[in-house]
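With the hints as your guide, set chain B onto chain A.
Residue numbers (the numbering used here), protein chains in the order written: chain A, 1394 to 1949; chain B, 350 to 449.
No lab work stands behind these hints: they were computed from the structure. Just so you know, these numbers come straight off a predicted model, no measurement behind them. Be aware that one or more of the hints could be misleading.
Calculated from the model, a selection of chain A residues having no Cβ within reach of chain B, i.e. all distances over 12 Å [stated by the list, open to error]:
| hint | residue |
| --- | --- |
| 1 | 1500 |
| 2 | 1614 |
| 3 | 1655 |
| 4 | 1673 |
| 5 | 1678 |
| 6 | 1695 |
Simulated restraints, written as ranges between beta carbons of each label pair [stated by the list, open to error]:
| hint | chain 1 | residue 1 | chain 2 | residue 2 | range |
| --- | --- | --- | --- | --- | --- |
| 7 | B | 427 | A | 1678 | 53 to 61 Å |
| 8 | B | 420 | A | 1883 | 46 to 54 Å |
| 9 | B | 392 | A | 1833 | 50 to 58 Å |
| 10 | B | 442 | A | 1554 | 37 to 45 Å |
| 11 | B | 427 | A | 1789 | 45 to 53 Å |
| 12 | A | 1590 | B | 428 | 48 to 56 Å |
| 13 | A | 1554 | B | 393 | 36 to 44 Å |
| 14 | B | 428 | A | 1428 | 29 to 37 Å |
| 15 | B | 427 | A | 1567 | 48 to 56 Å |
| 16 | A | 1838 | B | 439 | 24 to 32 Å |
| 17 | A | 1833 | B | 397 | 54 to 62 Å |
| 18 | A | 1423 | B | 442 | 31 to 39 Å |
| 19 | A | 1413 | B | 357 | 40 to 48 Å |
Idealized CB from N, CA, C, for every residue including glycine.
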Amino acid sequence: MYTYNDFDDAFVRERVAQFRAQVDRRIDGSLTEDEFKPLRLMNGLYLQLHAYMLRVAIPYGTLNSAQMRQLAMIADKWDKGYGHFTTRQNIQFNWPKLADVPDMLDALADVGMHAIQTSGNTIRNVTADHFAGAAADEIEDPRPVAELIRQWSTDHPEFQFLPRKFKIAVTGSPNDRAVTRAHDIGLRMVRNDAGAPGFEVLVGGGLGRTPMIAEVINGFLPRADLLPYLEAIVSVYNLLGRRDNKYKARIKITVSETGIDEFRAHVDDIFQHLRGEFTGLDQQMLAEIEQSFAAPTFRKAAVDKYDNARAEGPAFRSWSDTNLALHRAPDYAIVTVSLKAHGATPGDATSDQMRVLADLAERFGHDELRISHEQNVILPHVHKSDLPEVYATLRDHGLATANIGLISDIIACPGMDYCALATARSIPIAQEIATRFDELKLEHDIGALKIKISGCINACGHHHVGHIGILGLDRAGVENYQVTLGGDGTETAQIGERAGPGFPADEIVPAIERLILAYLGLRQHPDETFLETYRRLGLAPFKAALYPEKEAAHAA
Amino acid sequence: MSRRPFTPKVVTANALLEGDAVWLTEDDRWTRDMREAELITDEAVADDRLLFAIAQPDVVVGAYLVDAESGDQGPGPSHFREAFRTRGPSNYAHGKQVGE
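So here's chain A without its partners, still in its complex pose (with noise of 0.2 Å):
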């Protein structure tokens, strides 16, 4: 994977010292919170409900032992033991004290980390396929292309101040992993009929208050020209985009007002003066970047402790059928370990959990950890004869959950349990839901199904992408809970439709207990999941569940 070289580290290091003289400057009061505020959300700072926040960027998702390590080292020294990931690769520190958050940086920079742009009207965190660089579905590798957006973005000079943020995510593989259709801009690395390597370029997605899936602005974009391709689109937004109404200032807006194909005539003529302007460095950092991204020499060995194991072992073998994905490498898998026992907070990991992980990625997995936007921890590349002995260390320290893709595999963003903006709790309502269906023993008979839930209309929770999503909201004064049916995050993308009213945080459970079990009997078969069975009948019997109430008054 790829590391710092000088001029990052001294980029970071320097980052690091004017914030520590700014915090410097705000504590004796030479800075008002104003002049701070833009300040400390460039290097990920937050004001929260309780505390301070620091959010802090995993590229791509992507983290070695030593990084992992650090995060754990800063959780026990800085914060609360424990850190939360994000649907955006990132980790948040909910605890930390403003006086030490330069020396967090700092340890950050120490693994070549940082959490510049984590925050801001900027180009933020780069987001890519969690199983990029091992998924046996693959076409290419997408964190060299990521690493690249990372660099080119960082600090760039044009796009310090745009009307609104700006999130780009990349993915590798025909399956869409990393929901590139709800993003400013989605990146799919395609080839074309002569088999040359190149994006097809989505712009205009988004979640939050107006969602919209994005809309194809290249279908062939060459690789070449893929930074003053996104030169050109970040340009157009930064002199189209609204800056009147916050609420209208993110590029879908821009996008759905202007019209995707004078969009896209805009954006075609800067590309044609920016083209000339990139006359190869780009590419030849990309080579060099790409080295980096090399592939692990995979092992030739035995697979049959495996085999044994899953003979014997009924829990091993229900975690193996759950967690793991297929690999490219063929005695080898992809585990995805679960951040989600039943009734833990998702996403959430203690300082120990992490060393444990990391541990195990430096005996198991080629030294490698991603972090997925569904808020779990994956090794990407496990040899298959280990799995038994990384599942037993997995068990002791109670990470072994085998519910990935299931109902309790929920995300769930922090809510009003500790973010300022949110209108309600989320972290409840998730922890309600895996702990009622892990009593009713119900989670693999149901089978693949997307809970998703948001705090608040912003949609950190993608709840528009959840099969169900659920969105938490402010009704005079009490925690209420909209119900949508039907969203899909991948290649099959889909905002979910609005079932009706929402319901009361005691009521929330049940109704999402009436909706489950009203699907287990409208099944054609097992193997029908909640998305395709919704799909074949509609809204109108998972709204009769919901609402059994509305339902007998009309009958009446």
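Just chain B now, kept in the frame of chain A:
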């Protein structure tokens, strides 16, 4: 033109250094315990107290007036968001609920 009657309020903010929720007391201190806050029942006083809070940027951040209710032990929150600010998160025993 009718105006909505003034409802009792407290001045609250976040502490600059720790970032935690604080409330303004009658004797011009910032307290971590909402029950010690000054419950303001007069609109002109409320505006004046808010100005006093805003003028302390080296102590607190983001001061605002918020509705509060009178209770046996002092002012209490009238909205769930403010109630959470007096306690801390619901997923862990962290923050004010454990005296931090």
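Does the Cβ pair residue 420(B), residue 1883(A) satisfy 46 to 54 Å?
51 Å, holds
12 Å Cβ clearance of residue 1614(A) from chain B
Its Cβ never comes within 12 Å of chain B, the nearest being 44 Å, so this holds.
Minimum C-beta separation from residue 1655(A) to chain B exceeding 12 Å: can you confirm that?
Fine: 41 Å to the nearest Cβ keeps residue 1655(A) off the interface.
Is 36 to 44 Å respected by the C-beta to C-beta distance linking residue 1554(A) and residue 393(B)?
At 40 Å between Cβs, range holds.
Could one say that the CB atoms of residue 1423(A) and residue 442(B) fall in the range 31 to 39 Å?
38 Å, holds
Kindly confirm whether 24 to 32 Å is satisfied by the beta carbon distance between residue 1838(A) and residue 439(B).
30 Å, holds
Please test the hint of 48 to 56 Å on the beta carbon pair from residue 427(B) and residue 1567(A).
53 Å, holds
Kindly confirm whether 45 to 53 Å is satisfied by the beta carbon distance between residue 427(B) and residue 1789(A).
Holds: the Cβ-Cβ distance is about 47 Å, inside 45 to 53 Å.
Mind checking the hinted window 29 to 37 Å against the Cβ distance between residue 428(B) and residue 1428(A)?
30 Å, holds
With respect to the beta-carbon atoms only, verify the hint that residue 427(B) and residue 1678(A) lie 53 to 61 Å apart.
Holds, at about 57 Å.
Outcome of range test on Cβ distance (residue 442(B), residue 1554(A); 37 to 45 Å):
With a Cβ separation near 41 Å, residue 442(B) and residue 1554(A) satisfy 37 to 45 Å, so the hint holds.
Residue 1695(A) and chain B, when compared Cβ to Cβ, separated by more than 12 Å
44 Å, holds
In terms of the numbered hints stated before, the structure departs from none.
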